[in-house]
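S.K.: As a plain string of letters, each chain reads:
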Amino acid sequence: DTAVSQTPKYLVTQMGNDKSIKCEQNLGHDTMYWYKQDSKKFLKIMFSYNNKELIINETVPNRFSPKSPDKAHLNLHINSLELGDSAVYFCASSHRSPQAFFGQGTRLTVV
Amino acid sequence: QKEVEQNSGPLSVPEGAIASLNCTYSDRGSQSFFWYRQYSGKSPELIMSIYSNGDKEDGRFTAQLNKASQYVSLLIRDSQPSDSATYLCAVLNRDDKIIFGKGTRLHILP
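Chains as they are written, first to last, in our numbering: chain S, 444 to 554; chain L, 2 to 111.
One should not assume that every hint holds.
[What the hints assert, rightly or not] Heads up, incomplete: computed chain L residues facing chain S, CB under 7 Å, no partners named:
(1) 45
(2) 72
(3) 99
(4) 103
(5) 104
What the hints contain is simulated information worked out from the structure, not anything from laboratory work.
None of these values were measured; they are calculated from a predicted model.
For glycine and all other residues, C-beta sits at the position ideal for the given N, C-alpha and C.
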């Protein structure tokens, strides 16, 4: 029973393509996040949703668009992929607490 | 000034010794502090949280918080090779954002 699951785990794609990463949590949490971890291992928040509502939108290119169809899902769509988008993207969730539970990550490689 | 700062390491500690990891933060209004452990190629996992000044112990781990000096530390007693990982300090700031440090790589020498 994976608590926070992301798909795919690995994604290799060409520059200019559009891709999506899906995230689902079965913990009943009300807040979900997307984080980006670059090659230097710096983990930075991108978006945060609470009860399907966007509450944090950090300075990321508008090529990145999160979508939350319901409380248990937060997907990340990326348009016109660039080389610099290569990173590990982590989905996370929390419930009335700042303690976040992370998914296993999606390693995105743009070639 | 970066919001959450950690020495990137690597920090090498002999097996059985105490590993000491430090973190400083810039937002004086921060109230919640966390230590995450991340093994190579894996996701971060929460190992300690601390909310008030002083020490908090959980098994071999002790978190220490000093809000006046704006630092939080993690001590690992009786270090084991399985403790070798990157340790991420995270702070919930006054804007309710969780800000992570860049992490300290810890290497326990057998």
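S.K.: Does each hint hold? Answer for all of them.
M.R.: Status of the hints after comparison with the structure:
The interface hint given for residue 45 of chain L is met, as the beta carbon of that residue sits about 5 Å from the closest beta carbon of chain S, less than 7 Å. The closest approach between the C-beta of residue 72 of chain L and any C-beta of chain S is roughly 19 Å, which is over the 7 Å cut-off, so the hint fails. At a threshold of 7 Å, the smallest CB-CB gap from residue 99 of chain L to chain S is about 6 Å, leaving the interface hint in force. Annotation: interface hint on residue 103 of chain L holds; nearest CB of chain S at approximately 5 Å, less than 7 Å.
Contact between residue 104 of chain L and chain S, as hinted, is supported at the beta carbon level, the nearest pair being about 5 Å apart and thus within 7 Å.
Consistency note: the structure conflicts with earlier hint 2 alone.
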